[in-house]
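Whenever a hint applies, use it, and build me the whole structure from the sequences.
Residue numbers (our numbering), protein chains in the order written: chain A, 1 to 293; chain B, 1 to 277; chain C, 1 to 301.
What the hints contain is simulated information worked out from the structure, not anything from laboratory work. No incorrect hints appear here.
DSSO-like mimics (lysine-lysine), calculated; alpha carbons at most 30 Å apart, straight line:
{"hint": "1", "chain 1": "B", "residue 1": "K170", "chain 2": "C", "residue 2": "K269"}
{"hint": "2", "chain 1": "C", "residue 1": "K25", "chain 2": "A", "residue 2": "K195"}
{"hint": "3", "chain 1": "B", "residue 1": "K139", "chain 2": "C", "residue 2": "K239"}
{"hint": "4", "chain 1": "B", "residue 1": "K177", "chain 2": "C", "residue 2": "K239"}
{"hint": "5", "chain 1": "C", "residue 1": "K269", "chain 2": "B", "residue 2": "K100"}
{"hint": "6", "chain 1": "A", "residue 1": "K231", "chain 2": "B", "residue 2": "K105"}
{"hint": "7", "chain 1": "A", "residue 1": "K102", "chain 2": "C", "residue 2": "K17"}
{"hint": "8", "chain 1": "C", "residue 1": "K21", "chain 2": "A", "residue 2": "K184"}
{"hint": "9", "chain 1": "B", "residue 1": "K105", "chain 2": "B", "residue 2": "K271"}
{"hint": "10", "chain 1": "B", "residue 1": "K51", "chain 2": "A", "residue 2": "K34"}
{"hint": "11", "chain 1": "A", "residue 1": "K184", "chain 2": "C", "residue 2": "K25"}
{"hint": "12", "chain 1": "A", "residue 1": "K133", "chain 2": "B", "residue 2": "K100"}
{"hint": "13", "chain 1": "A", "residue 1": "K231", "chain 2": "B", "residue 2": "K35"}
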Amino acid sequence: MTRPVDKLIIILSWISGIMLLGAISSIIGYLLVKGLGAIKFSLIFGETSPVDALLLKRQVFDGIFPAIAGTFSLVILSVGFAVPVGLASGIYLSEYAGPKIKKVFNFFFDILAGIPSIVIGLFGFSMAVFLHKHLSQYIFPCLLISSLCLAFLVLPYIVRTTQVSLENIPEQIRLTALALGATKLQNIFYVLIPKSLSGIVSGVILSIGRCAEDTAVIMLTGVVATAGVPKSILSHYEALPFYIYYISSQYSNTEELLSGYGASIILLAICSFFFFIAFLVRNRLKYHAFYRM
Amino acid sequence: MNIRNFIVGITMAFLTLSATTNVRADALDIFKNEKGIIKIAGGTAHIPVVKEAAKRIINFNPDIQISIAGGGSGVGIKQAGEGLVDIGNSGRMPSESEIKRYNLKVFKWAIDGVGIIVNPKNNVKTLSKIQVIDIFSGKINNWQILGGKNKEINVYTRNEASGTRAVFWKKALNKGKITSKANFVVSNGAMKSAISQDPYSIGYVSAGHIDKSVAPIAVDHVLPTLDNVKKGSYKIVRGLYSNTKGDPSGLIKKFIDYLLTPECQEIVRTKGFIPVI
Amino acid sequence: MPRNRQNQGLYPGHMNKIYEKFAEKLFLLSAILSISVTILIFGFMLILGLPFIREGNFFNLFTQPWSPHQGLYGIYPMIIGTMSVSLLSIVFAFPLSLGCASLISVLGPKGFSRFFRKVVQFMTGVPTVIYGFIGIFLLVPIIREIFQGGSGMCILSASLMLTVLVSPTMILFFIDSFDQVPKTFINAIDALGGSKVQKLLYVMLPNAWRGILSGLILGLGRAFGDTLIALMIAGNAIKTPGSVLDSARTLTSHIALVIASDYESMEFKSIYACGISLYIFTTITVLCVRFLRTGPKGVTK
Chain A
1 MTRPVDKLII
11 ILSWISGIML
21 LGAISSIIGY
31 LLVKGLGAIK
41 FSLIFGETSP
51 VDALLLKRQV
61 FDGIFPAIAG
71 TFSLVILSVG
81 FAVPVGLASG
91 IYLSEYAGPK
101 IKKVFNFFFD
111 ILAGIPSIVI
121 GLFGFSMAVF
131 LHKHLSQYIF
141 PCLLISSLCL
151 AFLVLPYIVR
161 TTQVSLENIP
171 EQIRLTALAL
181 GATKLQNIFY
191 VLIPKSLSGI
201 VSGVILSIGR
211 CAEDTAVIML
221 TGVVATAGVP
231 KSILSHYEAL
241 PFYIYYISSQ
251 YSNTEELLSG
261 YGASIILLAI
271 CSFFFFIAFL
281 VRNRLKYHAF
291 YRM
Chain B
1 MNIRNFIVGI
11 TMAFLTLSAT
21 TNVRADALDI
31 FKNEKGIIKI
41 AGGTAHIPVV
51 KEAAKRIINF
61 NPDIQISIAG
71 GGSGVGIKQA
81 GEGLVDIGNS
91 GRMPSESEIK
101 RYNLKVFKWA
111 IDGVGIIVNP
121 KNNVKTLSKI
131 QVIDIFSGKI
141 NNWQILGGKN
151 KEINVYTRNE
161 ASGTRAVFWK
171 KALNKGKITS
181 KANFVVSNGA
191 MKSAISQDPY
201 SIGYVSAGHI
211 DKSVAPIAVD
221 HVLPTLDNVK
231 KGSYKIVRGL
241 YSNTKGDPSG
251 LIKKFIDYLL
261 TPECQEIVRT
271 KGFIPVI
Chain C
1 MPRNRQNQGL
11 YPGHMNKIYE
21 KFAEKLFLLS
31 AILSISVTIL
41 IFGFMLILGL
51 PFIREGNFFN
61 LFTQPWSPHQ
71 GLYGIYPMII
81 GTMSVSLLSI
91 VFAFPLSLGC
101 ASLISVLGPK
111 GFSRFFRKVV
121 QFMTGVPTVI
131 YGFIGIFLLV
141 PIIREIFQGG
151 SGMCILSASL
161 MLTVLVSPTM
171 ILFFIDSFDQ
181 VPKTFINAID
191 ALGGSKVQKL
201 LYVMLPNAWR
211 GILSGLILGL
221 GRAFGDTLIA
231 LMIAGNAIKT
241 PGSVLDSART
251 LTSHIALVIA
261 SDYESMEFKS
271 IYACGISLYI
281 FTTITVLCVR
291 FLRTGPKGVT
301 K
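Pasting the structure below:
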């Protein structure tokens, strides 16, 4: 006995679902159709032989290997900056902070999370110029500045996931070690963190994905069209998402356009990979933790 | 006698040949045993040539690292002046105040034109200068007025830092207005992609970048070909410059010198510009 | 013998107490450091944009058009651009996301729902630049052909792509809100024999409305802050847009475009004004969501 209104709602919901599925399949499908043919060694390494390129013996031109290397370095540096600080802040917020402080801090973290990435990039650029003028001649928009900004970008996520994971641990587990005489610190490091590891790690992995895909921040803080593999953290570098952006607006022949499609597929694969790992980690660790109990 | 002359002739030829081949190898030889980083930024028109030059240098000596960024002439001048990059490329001559402020040294290494382009499917092929001014200011806004289809004209222009834009604005538009409805693109390459995809578009681009994907417009019956630019019959011309802060030295100087060698000027020619040597 | 008795005075485990204090201070320091970044970003922009605000007469900034050659540095067209693109995309995205969330949580068959949910989760990981890239080559020509005019690079195209970007996050958020509806209510209506649609309409939506509204606002915030899609697809014209088929520039793409110019000029300083506006929008968004959150749940997440 379904009323017409009910039927309408069911139909509308199904239409939404189908539209969304249609949209994403056409986007991914178009990408794969156009780009799958471009995936070959020459896309990545250009005319240089893969072995030479990987051992950094020769620079790669016309290939996206430098961009991949740049993205890779970027991710490692940003996560290297963000994880210790984020973890510590998250621990503080969940274990030590009183409710008022929590509220204030969370407010600021929410703002940081909501700041558009380009504003953070703008900040990074201004910072670089400011330091260049007043501190050292050698500082200009570079890998270091970009990774710091990316660290700012993902910091709120890491703090939030750490905080939430820690807070979600049931009271009994939280109190057990303390009841046995452990100090707060020991409790945190030996009990709480391992228990919430799945949440924390998946947060970190999602941040890695975020760093790999962001374009707005790096556009303003040091990424360039051609730079080879980054040799130092104070140098210009290339990155995969920027390469795609650059190619999309200024390809000079069909070959370059095809390489753009190929690069998009690779970037998509990298981000999906991280995403998938985060998902696995969350499930695996949950299972192990449960099993050990 | 004849045999002696012949031997002398052959020896002379041989010596001359080896001399010229030595000159050829010399062009890159100056980079032997060099190490370091060269940072280049600025005009997007320069990128094909600079990229090729960088490729040859790095292949010759992998210890040298060269990074190339775009951004437009304004960026090149500013960043070179502030010391953020070593060489700033510009598609327009830096102004007096810019040269004085940053103590810029300007090096011209190619001549280029700025051509007006439309989509190849467009049947409008020639315009008068007045028409160009009116189209870009928005006064003429339909292709039908010019003999084309009944479609609105989509104007594309460059970002403000662009030297190509500065030259176009000064020499083609006589500093006239560019309609505020114009779409913005950020480089010569981007302009080309946009025009080649939009059948009702019009824009302007470095003459060296014009290829089969876009159709050049003859302004007052003069096409922006290399010959016309060389002859002087196409009026919208500009030089391609590289600027450094103060006199360049070391690796930077060698790069600039390399740009002015016959070998590199050959690259300039193959990329569609006019060499200065 | 465990060395961790917490007694007064010097005792075998007292070093631990110092470690404890130290660790606590260290954690606090990290948290403060993180916070200060937030404040630093705002402060920097304010200081750097100050000359602009001072010279340009504050209100003019927000109401004037952008025409550097005439000395006009107003960011009004960009504000309209951001508003149009974001609001339009939310207009599309909200019903779409609500429908999909309902489908996944309540209305759809089990297997399909699980599959769909995975797809939506996957979509949150797709890089923005890819949406922009495909948008240029797939969406823009389609829009150009359908509407037979304009270059196809307009507010409509950007909004459509933005909808696809923002929906997955909104959907997941809505699903979360639905899940938070107390199980007792759901059991009650099931026991009474209510249909799925009735469950949705009369139990879930009324109870999850706070979460739904928060999701909406967060989606709006995300749409405001997106740079690449607007930069690549919306055309970037400086004229204040008059219709959805007009090319427009958003605050975010304005920053990206102008950053390439002389950074001591007034033009450059205008992007700090853009940055400040975006920052303020974000803060307002966050405040609204917080306000909504302090409801029957009480826990500040």
